[in-house]
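2 protein chains.
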Amino acid sequence: MANVKAAIPKGTRDFNPQVMVKRNHIFDTIKKVFKKYGYQEIQTPTMENLDTLTGKYGDEGDQLIFKILNSGDYMLKAESLKQKGEELSSKKLLPIISEKALRYDLTVPFARYVVMHQHEITSPFKRFQIQPVWRADRPQKGRYREFYQCDADVVGSDSLLNEAEFVCIYDEALSKLGLRDFTIKINHRKILTGIAELIGKPQQIVDLTVAIDKLDKIGLDGVERELLERGFTAADLDVLRPIILLSGSNEEKLQTLERVLQNSESGQKGIAEIKTLFGYLASFTLENAKVELDLTLARGLNYYTGCIFEVKTNEVAMGSIGGGGRYDNLTGMFGKEGLTGAGISFGADRIYDVLEELNLFPAAVSESTKVLICVFGEEEQNFALPILSRLRKADISAELFPFGAKMKKQMAYANDKNIPFVVIIGSEEMQSKQLSLKNMESGEQVKVSVEELVERLGVMSN
Amino acid sequence: MANVKAAIPKGTRDFNPQVMVKRNHIFDTIKKVFKKYGYQEIQTPTMENLDTLTGKYGDEGDQLIFKILNSGDYMLKAESLKQKGEELSSKKLLPIISEKALRYDLTVPFARYVVMHQHEITSPFKRFQIQPVWRADRPQKGRYREFYQCDADVVGSDSLLNEAEFVCIYDEALSKLGLRDFTIKINHRKILTGIAELIGKPQQIVDLTVAIDKLDKIGLDGVERELLERGFTAADLDVLRPIILLSGSNEEKLQTLERVLQNSESGQKGIAEIKTLFGYLASFTLENAKVELDLTLARGLNYYTGCIFEVKTNEVAMGSIGGGGRYDNLTGMFGKEGLTGAGISFGADRIYDVLEELNLFPAAVSESTKVLICVFGEEEQNFALPILSRLRKADISAELFPFGAKMKKQMAYANDKNIPFVVIIGSEEMQSKQLSLKNMESGEQVKVSVEELVERLGVMSN
Numbered sequence: 366m367a368n369v370k371a372a373i374p375k376g377t378r379d380f381n382p383q384v385m386v387k388r389n390h391i392f393d394t395i396k397k398v399f400k401k402y403g404y405q406e407i408q409t410p411t412m413e414n415l416d417t418l419t420g421k422y423g424d425e426g427d428q429l430i431f432k433i434l435n436s437g438d439y440m441l442k443a444e445s446l447k448q449k450g451e452e453l454s455s456k457k458l459l460p461i462i463s464e465k466a467l468r469y470d471l472t473v474p475f476a477r478y479v480v481m482h483q484h485e486i487t488s489p490f491k492r493f494q495i496q497p498v499w500r501a502d503r504p505q506k507g508r509y510r511e512f513y514q515c516d517a518d519v520v521g522s523d524s525l526l527n528e529a530e531f532v533c534i535y536d537e538a539l540s541k542l543g544l545r546d547f548t549i550k551i552n553h554r555k556i557l558t559g560i561a562e563l564i565g566k567p568q569q570i571v572d573l574t575v576a577i578d579k580l581d582k583i584g585l586d587g588v589e590r591e592l593l594e595r596g597f598t599a600a601d602l603d604v605l606r607p608i609i610l611l612s613g614s615n616e617e618k619l620q621t622l623e624r625v626l627q628n629s630e631s632g633q634k635g636i637a638e639i640k641t642l643f644g645y646l647a648s649f650t651l652e653n654a655k656v657e658l659d660l661t662l663a664r665g666l667n668y669y670t671g672c673i674f675e676v677k678t679n680e681v682a683m684g685s686i687g688g689g690g691r692y693d694n695l696t697g698m699f700g701k702e703g704l705t706g707a708g709i710s711f712g713a714d715r716i717y718d719v720l721e722e723l724n725l726f727p728a729a730v731s732e733s734t735k736v737l738i739c740v741f742g743e744e745e746q747n748f749a750l751p752i753l754s755r756l757r758k759a760d761i762s763a764e765l766f767p768f769g770a771k772m773k774k775q776m777a778y779a780n781d782k783n784i785p786f787v788v789i790i791g792s793e794e795m796q797s798k799q800l801s802l803k804n805m806e807s808g809e810q811v812k813v814s815v816e817e818l819v820e821r822l823g824v825m826s827n
Numbered sequence: 366m367a368n369v370k371a372a373i374p375k376g377t378r379d380f381n382p383q384v385m386v387k388r389n390h391i392f393d394t395i396k397k398v399f400k401k402y403g404y405q406e407i408q409t410p411t412m413e414n415l416d417t418l419t420g421k422y423g424d425e426g427d428q429l430i431f432k433i434l435n436s437g438d439y440m441l442k443a444e445s446l447k448q449k450g451e452e453l454s455s456k457k458l459l460p461i462i463s464e465k466a467l468r469y470d471l472t473v474p475f476a477r478y479v480v481m482h483q484h485e486i487t488s489p490f491k492r493f494q495i496q497p498v499w500r501a502d503r504p505q506k507g508r509y510r511e512f513y514q515c516d517a518d519v520v521g522s523d524s525l526l527n528e529a530e531f532v533c534i535y536d537e538a539l540s541k542l543g544l545r546d547f548t549i550k551i552n553h554r555k556i557l558t559g560i561a562e563l564i565g566k567p568q569q570i571v572d573l574t575v576a577i578d579k580l581d582k583i584g585l586d587g588v589e590r591e592l593l594e595r596g597f598t599a600a601d602l603d604v605l606r607p608i609i610l611l612s613g614s615n616e617e618k619l620q621t622l623e624r625v626l627q628n629s630e631s632g633q634k635g636i637a638e639i640k641t642l643f644g645y646l647a648s649f650t651l652e653n654a655k656v657e658l659d660l661t662l663a664r665g666l667n668y669y670t671g672c673i674f675e676v677k678t679n680e681v682a683m684g685s686i687g688g689g690g691r692y693d694n695l696t697g698m699f700g701k702e703g704l705t706g707a708g709i710s711f712g713a714d715r716i717y718d719v720l721e722e723l724n725l726f727p728a729a730v731s732e733s734t735k736v737l738i739c740v741f742g743e744e745e746q747n748f749a750l751p752i753l754s755r756l757r758k759a760d761i762s763a764e765l766f767p768f769g770a771k772m773k774k775q776m777a778y779a780n781d782k783n784i785p786f787v788v789i790i791g792s793e794e795m796q797s798k799q800l801s802l803k804n805m806e807s808g809e810q811v812k813v814s815v816e817e818l819v820e821r822l823g824v825m826s827n
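Residue numbers (this note's numbering), protein chains in the order written: chain A, 366 to 827; chain B, 366 to 827.
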């Protein structure tokens, strides 16, 4: 067997123990909040049928789906193509040699799941799902070919209470993770539709929001110049000006919008829904989240049909750390029409970077073993084994470094693993039955009996 | 967009909420025990370079690896083959159109990880890993193309304390899961080598163990007949007879082996190691596991170099629910020679089936939400929202069924989700501020204030 270089595919990552505990801290925290709000976990297979995924993410998306080669003699099925003398191009060959592909997001598999299991699902169905997805994107800093998504969706309920609870979930989960200053931006697809109706340019709603978004940077003149360049007329600008300059509290913004959009049915519907949502939110006390109506939010506009969310931290410069919204007819692609749904997503990789930068990972998270027992020889080891057993019976995470290693190596092991306590057992300790317990952080060393040891560390484990 | 049938690839599974909580119960329990013994979690990418995996699992294994098609115009690289007019066979095309593959087990990626990260690893390195693997096996009952492995391995320590701790880990994890009668079978590669030396037939050691394994079924005559058929001589049988008939306690078996294998250096080494292991185990109190020296255990013989483990439950007819052993030079395939390691694996799918059959999943595991608030109209809903918020602030998992649904539907929802308590809020409850709290199991219904509700359910959550 020839030696192979130890390497992994570009855009993929190994997660070492230190990183894993931090990632689990994030996922566990979010999971706990999802569950508290009645969301239940599901998992779907890594591989989906290729035709389940194809055509759902646009042409570019189709290119970025990782396809799996059929197993066995996959070229057998291409025989007829070969015999006809046809050119074996990548495109022609693909449906012949590949039937499966890697999950590209969690949304399409969820839609497929809902349709496939519709008769066993309790409606409204509130599910969360935390699993990796794969995209053949060009890898770059912060963009990976394998990354986790962390989604909660509800289908079968059009109540805006769901949207209000998504705001609460963001607030609670991000607060539990230690964030203290973040904004949940909210927009509504129907308000944007109303604005587009106002000026009769429904196709250009994204141009409009992109330009408005620059108000802080380039001022009203700049925004208007840009809008003119993008094909809006002077008459459009007169109508749009109150929207471009929209500011103040959420209530003030809504008042302005009600006036401006008074003739748009869509606009009024959107405003009414946002008001209902804000009304629900008044019954819930948010811990740290600011909620802000932001018309420049045009996220996933082709997809969302109601409220749209995006979450940003104000403590670190970073893109959005979460987002979502309401969509209609998600399951239509699998033949089940008319099902409404809403969902949110946490950007776990970005949240990781934020917590790292703000130093918000609890110290205990990186602690693995509570105590390491160090011995000098076989006799000490035999003396130590029942002590090791007692510690574990008391539910204390404990290790014994097998005899034969120098003390320096054993201490380095404790340090590297962030083990907070070390017990040293030499001949003196065996005779006196008083063990040396060292606090690795303070350096303090005391003598304790086995009973005292178990009691002390047991208390600290809680 | 054409409608596509909602289906998943054969041999893969969706896990619904009820199954997920049970699977998580198993994984969480095992994880907790791994950590208690100082094992730390890592994760490796789903995709490995194809050459990392190829040649590690034998020819048959290579066939069963799922390969990933290169992204982009993968046939471009085949141009030179085409121009030379070469036959585009599956075999010739493969290295051209595929560079990556799905993880086939957790062991090879672990070896790759150890070599790749050798300078950041603290030795001995104790890692656990719980991730799915993929095999293009023919799907059948209980055999899937995607399934989770659940492994703990230590590299860089030849101490038999590691093996002893593996026995403890099996004992503790399976006991925590509720199993009360299971056997950890132990064998040693060097004892088998010693037996093979004894009769000068090292190639036939597997034939031998397979035949011995049938003793209970076909008796000594049957075993001897089978051994003769398999090419052993009458002289061999005379030597082997005490081994075939090996019985009694572990101590008695070891005494017999010591006598029979007295001239085999390997055999003596293996016996000495098993004795050391049993010595260590005497210092640990096992809860439920029986430990049994079993020479018919030939699991992974080409792979293991020291102790070999296999775990069987005695409560249900089922194959092994775990196994492992010591191996040398695992990392040699990636250019790092001479590293010793040992590891064990839990068979999560089989453990799931065992717990299901023995009804050992705790009832609380299938509970999602603690309380559902049912309302009749919008006014009741508005009255209920602050109550919902208070319950959640008290860390009680709570849901409100959005107004507009019939009580029957709401009750069915609570039933389907195994929600143990329901609060009903109608006009009477709003006036009296005394809520109706219904215990869904007993049917008992009482009136409580909001304070009492929070207190009652809070106590029950702990």
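It should be emphasised that the hints constitute simulated quantities derived from the structure, not laboratory data.
Hints are supplied without guarantee of correctness; some may be wrong.
It does not matter which identical chain is used: a pair holds within one copy or between any two.
Unchecked claim - Dumping the calculated DSSO-like pairs for lysine-lysine here, alpha-carbon to alpha-carbon at most 27 Å: (1) Lys655 <-> Lys400; (2) Lys618 <-> Lys447; (3) Lys387 <-> Lys397; (4) Lys579 <-> Lys449; (5) Lys400 <-> Lys618; (6) Lys640 <-> Lys655; (7) Lys655 <-> Lys449; (8) Lys541 <-> Lys400; (9) Lys812 <-> Lys798; (10) Lys506 <-> Lys375; (11) Lys550 <-> Lys758; (12) Lys758 <-> Lys541; (13) Lys449 <-> Lys758; (14) Lys579 <-> Lys618; (15) Lys400 <-> Lys457; (16) Lys774 <-> Lys579; (17) Lys701 <-> Lys618; (18) Lys773 <-> Lys803; (19) Lys550 <-> Lys375; (20) Lys387 <-> Lys421; (21) Lys579 <-> Lys798; (22) Lys541 <-> Lys397; (23) Lys640 <-> Lys457; (24) Lys447 <-> Lys812; (25) Lys758 <-> Lys634.
Right, here's what the structure says about each hint:
For the identical chains of this complex, Lys655 and Lys400 are intra-copy neighbours only, at 23 Å inside a copy versus 39 Å across copies, given an alpha-carbon limit of 27 Å. Proximity of Lys618 to Lys447 under the C-alpha cut-off of 27 Å is found in neither arrangement, the shortest distances being 65 Å within a copy and 65 Å between copies. Both within a single protomer and between protomers do Lys387 and Lys397 lie at most 27 Å apart by alpha-carbon distance, with minima of 15 Å and 16 Å respectively. Taking the shortest Cα distances, Lys579 and Lys449 never come within 27 Å of each other, neither inside one copy (57 Å) nor across copies (57 Å).
Neither within a single protomer nor between protomers do Lys400 and Lys618 lie at most 27 Å apart by alpha-carbon distance, with minima of 34 Å and 53 Å respectively. Proximity of Lys640 and Lys655 under a CA criterion of 27 Å is satisfied intra-copy only: 16 Å inside one chain copy versus 66 Å between copies. Taking the shortest alpha-carbon separations for Lys655 and Lys449, neither the intra-copy value of 65 Å nor the inter-copy value of 66 Å comes in at or below 27 Å. Taking CA atoms no more than 27 Å apart as the test, Lys541 paired with Lys400 passes in both settings, with 14 Å inside one copy and 24 Å between copies.
Taking the shortest Cα distances, Lys812 and Lys798 sit within 27 Å of each other inside one copy (9 Å), while across copies they are farther apart (59 Å). In this assembly of identical chains, Lys506 and Lys375 lie within 27 Å of each other by CA distance solely inside one copy; the values are 12 Å within and 36 Å between copies. Only between protomers do Lys550 and Lys758 lie at most 27 Å apart by alpha-carbon distance; the minimum there is 23 Å, versus 50 Å within a single protomer. In this homomeric assembly, Lys758 and Lys541 come within 27 Å of each other (Cα to Cα) only across copies, at 12 Å, whereas the closest approach inside a single copy is 31 Å.
Proximity of Lys449 and Lys758 under a CA criterion of 27 Å is satisfied in neither setting, with 72 Å inside one chain copy and 69 Å between copies. Only within a single protomer do Lys579 and Lys618 lie at most 27 Å apart by alpha-carbon distance; the minimum there is 18 Å, versus 82 Å between protomers. When the C-alpha separation of Lys400 and Lys457 is checked against a cutoff of 27 Å, the pair qualifies neither within a copy, at 46 Å, nor between copies, at 51 Å. Proximity of Lys774 and Lys579 under a CA criterion of 27 Å is satisfied in neither setting, with 58 Å inside one chain copy and 49 Å between copies.
When the C-alpha separation of Lys701 and Lys618 is checked against a cutoff of 27 Å, the pair qualifies neither within a copy, at 38 Å, nor between copies, at 65 Å. In this homomeric assembly, Lys773 and Lys803 come within 27 Å of each other (Cα to Cα) only inside a single copy, at 14 Å, whereas the closest approach across copies is 62 Å. Neither within a single protomer nor between protomers do Lys550 and Lys375 lie at most 27 Å apart by alpha-carbon distance, with minima of 34 Å and 42 Å respectively. In this assembly of identical chains, Lys387 and Lys421 lie within 27 Å of each other by CA distance neither inside one copy nor across copies; the values are 33 Å within and 32 Å between.
For the identical chains of this complex, Lys579 and Lys798 are neighbours neither inside a copy (73 Å) nor across copies (51 Å), given an alpha-carbon limit of 27 Å. Taking CA atoms no more than 27 Å apart as the test, Lys541 paired with Lys397 passes in both settings, with 10 Å inside one copy and 22 Å between copies. In this homomeric assembly, Lys640 and Lys457 never come within 27 Å of each other (Cα to Cα): the closest approach is 52 Å inside a single copy and 64 Å across copies. Neither within a single protomer nor between protomers do Lys447 and Lys812 lie at most 27 Å apart by alpha-carbon distance, with minima of 81 Å and 78 Å respectively.
Within a single copy, Lys758 and Lys634 get their C-alpha atoms no closer than 62 Å, and across copies no closer than 32 Å, so neither meets the 27 Å cut-off.
Hint compliance for this structure: hints 2, 4, 5, 7, 13, 15, 16, 17, 19, 20, 21, 23, 24, 25 are broken, all remaining hints hold.
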